[in-house]
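Asks: Residue-level listing of the chains:
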Amino acid sequence: DVKVTQSSRYLVKRTGEKVFLECVQDMDHENMFWYRQDPGLGLRLIYFSYDVKMKEKGDIPEGYSVSREKKERFSLILESASTNQTSMYLCASRAPGTGPNEKLFFGSGTQLSVL
Amino acid sequence: QKEVEQDPGPLSVPEGAIVSLNCTYSNSAFQYFMWYRQYSRKGPELLMYTYSSGNKEDGRFTAQVDKSSKYISLFIRDSQPSDSATYLCAMSPFGAGNMLTFGGGTRLMVKP
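Protein sequences, first through last, are from chains A and B.
In terms of the numbering used here, the first sequence opens at residue 1 and continues consecutively.
In terms of the numbering used here, the second sequence opens at residue 1 and continues consecutively.
Some hints could be false.
[As the list claims (entries may be wrong)] The calculated label-pair distances, taken between Cβ atoms and stated as ranges, are:
{"no.": "1", "chain 1": "B", "residue 1": "7", "chain 2": "A", "residue 2": "111", "range": "19 to 27 Å"}
{"no.": "2", "chain 1": "A", "residue 1": "52", "chain 2": "B", "residue 2": "9", "range": "23 to 31 Å"}
{"no.": "3", "chain 1": "A", "residue 1": "57", "chain 2": "B", "residue 2": "68", "range": "27 to 35 Å"}
{"no.": "4", "chain 1": "B", "residue 1": "3", "chain 2": "A", "residue 2": "97", "range": "22 to 30 Å"}
{"no.": "5", "chain 1": "B", "residue 1": "94", "chain 2": "A", "residue 2": "5", "range": "20 to 28 Å"}
{"no.": "6", "chain 1": "B", "residue 1": "42", "chain 2": "A", "residue 2": "59", "range": "21 to 29 Å"}
{"no.": "7", "chain 1": "B", "residue 1": "14", "chain 2": "A", "residue 2": "82", "range": "20 to 28 Å"}
[Stated by the list, open to error] Simulated crosslink set (DSBU-like; lysine-lysine; CA at most 30 Å straight-line):
{"no.": "8", "chain 1": "B", "residue 1": "42", "chain 2": "A", "residue 2": "71"}
{"no.": "9", "chain 1": "A", "residue 1": "18", "chain 2": "B", "residue 2": "67"}
{"no.": "10", "chain 1": "A", "residue 1": "3", "chain 2": "A", "residue 2": "18"}
{"no.": "11", "chain 1": "B", "residue 1": "67", "chain 2": "B", "residue 2": "56"}
{"no.": "12", "chain 1": "B", "residue 1": "42", "chain 2": "A", "residue 2": "70"}
{"no.": "13", "chain 1": "B", "residue 1": "56", "chain 2": "A", "residue 2": "57"}
{"no.": "14", "chain 1": "A", "residue 1": "53", "chain 2": "B", "residue 2": "42"}
{"no.": "15", "chain 1": "A", "residue 1": "13", "chain 2": "A", "residue 2": "53"}
{"no.": "16", "chain 1": "B", "residue 1": "2", "chain 2": "A", "residue 2": "55"}
{"no.": "17", "chain 1": "A", "residue 1": "55", "chain 2": "A", "residue 2": "13"}
{"no.": "18", "chain 1": "B", "residue 1": "42", "chain 2": "A", "residue 2": "13"}
{"no.": "19", "chain 1": "A", "residue 1": "18", "chain 2": "A", "residue 2": "55"}
{"no.": "20", "chain 1": "A", "residue 1": "103", "chain 2": "B", "residue 2": "42"}
{"no.": "21", "chain 1": "A", "residue 1": "13", "chain 2": "B", "residue 2": "56"}
{"no.": "22", "chain 1": "B", "residue 1": "56", "chain 2": "A", "residue 2": "103"}
{"no.": "23", "chain 1": "A", "residue 1": "71", "chain 2": "A", "residue 2": "103"}
{"no.": "24", "chain 1": "A", "residue 1": "71", "chain 2": "A", "residue 2": "53"}
{"no.": "25", "chain 1": "B", "residue 1": "56", "chain 2": "A", "residue 2": "3"}
{"no.": "26", "chain 1": "A", "residue 1": "103", "chain 2": "B", "residue 2": "67"}
{"no.": "27", "chain 1": "A", "residue 1": "71", "chain 2": "A", "residue 2": "18"}
{"no.": "28", "chain 1": "A", "residue 1": "53", "chain 2": "A", "residue 2": "18"}
{"no.": "29", "chain 1": "A", "residue 1": "70", "chain 2": "A", "residue 2": "53"}
{"no.": "30", "chain 1": "A", "residue 1": "70", "chain 2": "A", "residue 2": "3"}
{"no.": "31", "chain 1": "B", "residue 1": "2", "chain 2": "A", "residue 2": "57"}
{"no.": "32", "chain 1": "A", "residue 1": "55", "chain 2": "A", "residue 2": "103"}
{"no.": "33", "chain 1": "A", "residue 1": "55", "chain 2": "B", "residue 2": "42"}
{"no.": "34", "chain 1": "A", "residue 1": "3", "chain 2": "B", "residue 2": "42"}
{"no.": "35", "chain 1": "A", "residue 1": "57", "chain 2": "B", "residue 2": "42"}
{"no.": "36", "chain 1": "A", "residue 1": "71", "chain 2": "A", "residue 2": "3"}
{"no.": "37", "chain 1": "A", "residue 1": "53", "chain 2": "B", "residue 2": "67"}
{"no.": "38", "chain 1": "B", "residue 1": "70", "chain 2": "A", "residue 2": "103"}
{"no.": "39", "chain 1": "A", "residue 1": "3", "chain 2": "A", "residue 2": "103"}
Hints in this document: simulated from the structure, not taken from any laboratory.
In this text, a Cβ means the ideal position worked out from N, Cα and C, and glycines have one as well.
Construct the complete structure from the given sequences, taking the supplied hints into account.
Replies: Right under this line is the structure:
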């Protein structure tokens with residue numbers, strides 16, 4: 001069965017800290033994504049990666065960076081955490097194919113609180 | 001104005017009711033329309049997928065797309081307490097997993 005695992009379910013950090021959110025998928029998918037989810041705003045794309053060491057900015061990349069050193073692992077980095085980055089962070093990978101087969105598989109999310 | 005609008009709810013219905021969830025959108029380039037279901041403390045999972053206009057049925061779920069009105073709907077028949085979740089619409093010009101724009105989600109509660 002498809003699995004996307006996010007390392008932490010809940011995380012509390014201080015303003016200014018460097019924060020790492022880790023995501024691992026076991027499906028050998030090439031494409032991986034980081035979204036943040038805020039009440040009423042839905043999911044917004046932060047960054048995505050279509051291959052190892054490749055990355056593309058999404059809709060809201062400011063204040064974030066990513067790292068993809070291995071195919072199965074995609075990390076989101078908050079260089080200097082701020083309170084407005086308090087949010088639910090969701091990692092996803094995309095199945096190959098067309099139509100509904102290229103659907104996204106999501107992890108369970110990391111709820112990050114920045115104090 | 002957001003590209004995709006979705007009533008946040010919460011929507012509370014009795015078990016067995018027919019539920020209608022809706023999204024409106026402004027981008028006429030959207031061709032792929034999805035509904036995701038998200039249970040509490042879980043990530044979203046794809047529930048329904050429709051390409052272009054028309055209806056798609058899967059068990060108790062029916063997805064409708066009206067591109068002329070820029071309006072999509074998800075109907076749930078004979079709703080069950082296990083249907084209690086947040087439902088997110090998503091759409092894209094490119095594909096089911098490519099550059100999706102999500103609605104804000106509607107929280108549904110089905111009471112026994």
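Asks: The structure should be examined with respect to each hint, and the outcome stated for every one.
Replies: Consistency of the hints with the structure:
1. At about 24 Å, the beta-carbon gap between residue 7 of chain B and residue 111 of chain A stays in the expected band of 19 to 27 Å.
2. For residue 52 of chain A paired with residue 9 of chain B, a C-beta distance near 41 Å fails the hint of 23 to 31 Å.
3. Residue 57 of chain A and residue 68 of chain B have their C-beta atoms about 33 Å apart, which keeps the hinted 27 to 35 Å range intact.
4. Range check, residue 3 of chain B to residue 97 of chain A: about 26 Å between beta-carbon atoms, so the 22 to 30 Å window is met.
5. The hinted window of 20 to 28 Å between residue 94 of chain B and residue 5 of chain A holds, with their beta carbons roughly 27 Å apart.
6. Checking the proposed 21 to 29 Å range against residue 42 of chain B and residue 59 of chain A shows it holds: the Cβ atoms sit about 23 Å from each other.
7. Taking 20 to 28 Å as the suggested C-beta distance range, the pair residue 14 of chain B and residue 82 of chain A does not conform, at roughly 44 Å.
8. Our distance criterion of 30 Å between C-alpha atoms is met by residue 42 of chain B and residue 71 of chain A, whose separation comes to about 23 Å.
9. For the given pair, residue 18 of chain A sits about 44 Å from residue 67 of chain B by alpha-carbon distance, which is inconsistent with the 30 Å threshold.
10. Note on residue 3 of chain A and residue 18 of chain A: the hinted pairing holds, with a Cα-Cα distance of about 27 Å set against a maximum of 30 Å.
11. A C-alpha spacing of about 14 Å is found between residue 67 of chain B and residue 56 of chain B, which places the hinted pair at or below 30 Å, so the restraint holds.
12. Taking the CA atoms of residue 42 of chain B and residue 70 of chain A, the gap is about 25 Å. The hint holds against a cut of 30 Å.
13. Restraint check: the Cα-Cα separation between residue 56 of chain B and residue 57 of chain A comes to about 33 Å, which exceeds 30 Å; the hinted pair is violated.
14. About 28 Å separates the Cα atoms of residue 53 of chain A and residue 42 of chain B, which keeps this hinted pair within 30 Å; it holds.
15. Simply put, residue 13 of chain A and residue 53 of chain A have alpha-carbon atoms about 27 Å apart, close enough for the 30 Å limit, and the pair holds.
16. Between residue 2 of chain B and residue 55 of chain A, the direct Cα distance comes to roughly 26 Å. Compliance with the 30 Å bound is thereby established for this hinted pair.
17. Distance restraint check for residue 55 of chain A and residue 13 of chain A: the Cα-Cα separation of roughly 25 Å lies within the 30 Å cut-off, and the hinted pair is therefore satisfied.
18. Among the hinted pairs, residue 42 of chain B with residue 13 of chain A is consistent with the structure: their alpha-carbon atoms are about 22 Å apart, no more than 30 Å.
19. At most 30 Å may separate the alpha-carbon atoms for a hinted pair to count; residue 18 of chain A and residue 55 of chain A meet this at roughly 20 Å.
20. Of the pairs offered as hints, the one joining residue 103 of chain A and residue 42 of chain B holds, with about 17 Å between alpha carbons and a cut-off of 30 Å not exceeded.
21. Straight-line distance between C-alpha atoms of residue 13 of chain A and residue 56 of chain B comes to about 44 Å, which puts the hinted pair past the 30 Å bound.
22. Between residue 56 of chain B and residue 103 of chain A the CA atoms are separated by roughly 17 Å; this keeps the pair inside 30 Å, and the hint holds.
23. Between residue 71 of chain A and residue 103 of chain A, the direct Cα distance comes to roughly 18 Å. Compliance with the 30 Å bound is thereby established for this hinted pair.
24. With a C-alpha separation of about 9 Å, the suggested pair residue 71 of chain A and residue 53 of chain A falls inside the 30 Å cut-off, and the hint holds.
25. Restraint check for residue 56 of chain B and residue 3 of chain A: the C-alpha separation of about 27 Å stays at or below 30 Å, so the hint holds.
26. Of the supplied pair hints, the one linking residue 103 of chain A and residue 67 of chain B holds, its CA atoms being roughly 22 Å apart against a limit of 30 Å.
27. Distance restraint check for residue 71 of chain A and residue 18 of chain A: the Cα-Cα separation of roughly 23 Å lies within the 30 Å cut-off, and the hinted pair is therefore satisfied.
28. As the CA atoms of residue 53 of chain A and residue 18 of chain A are separated by approximately 21 Å, the hinted pair is consistent with the 30 Å bound.
29. At most 30 Å may separate the alpha-carbon atoms for a hinted pair to count; residue 70 of chain A and residue 53 of chain A meet this at roughly 8 Å.
30. Of the supplied pair hints, the one linking residue 70 of chain A and residue 3 of chain A holds, its CA atoms being roughly 16 Å apart against a limit of 30 Å.
31. Distance check on the hinted pair: residue 2 of chain B and residue 57 of chain A sit about 20 Å apart at the alpha-carbon level, within 30 Å; holds.
32. As the CA atoms of residue 55 of chain A and residue 103 of chain A are separated by approximately 19 Å, the hinted pair is consistent with the 30 Å bound.
33. Straight-line distance between C-alpha atoms of residue 55 of chain A and residue 42 of chain B comes to about 26 Å, which keeps the hinted pair within the 30 Å bound.
34. For the hint pairing residue 3 of chain A with residue 42 of chain B, the CA-to-CA distance comes to about 13 Å; that is within 30 Å, so the pair holds.
35. Note on residue 57 of chain A and residue 42 of chain B: the hinted pairing holds, with a Cα-Cα distance of about 25 Å set against a maximum of 30 Å.
36. The suggested pairing of residue 71 of chain A with residue 3 of chain A holds, with an alpha-carbon distance near 14 Å, which does not exceed 30 Å.
37. With a C-alpha separation of about 38 Å, the suggested pairing of residue 53 of chain A with residue 67 of chain B is violated against the 30 Å cut-off.
38. Restraint check for residue 70 of chain B and residue 103 of chain A: satisfied, since their Cα atoms lie roughly 22 Å apart, inside the 30 Å limit.
39. For the hint pairing residue 3 of chain A with residue 103 of chain A, the CA-to-CA distance comes to about 13 Å; that is within 30 Å, so the pair holds.
Of the numbered hints listed earlier, those contradicted by the structure are 2, 7, 9, 13, 21, 37.
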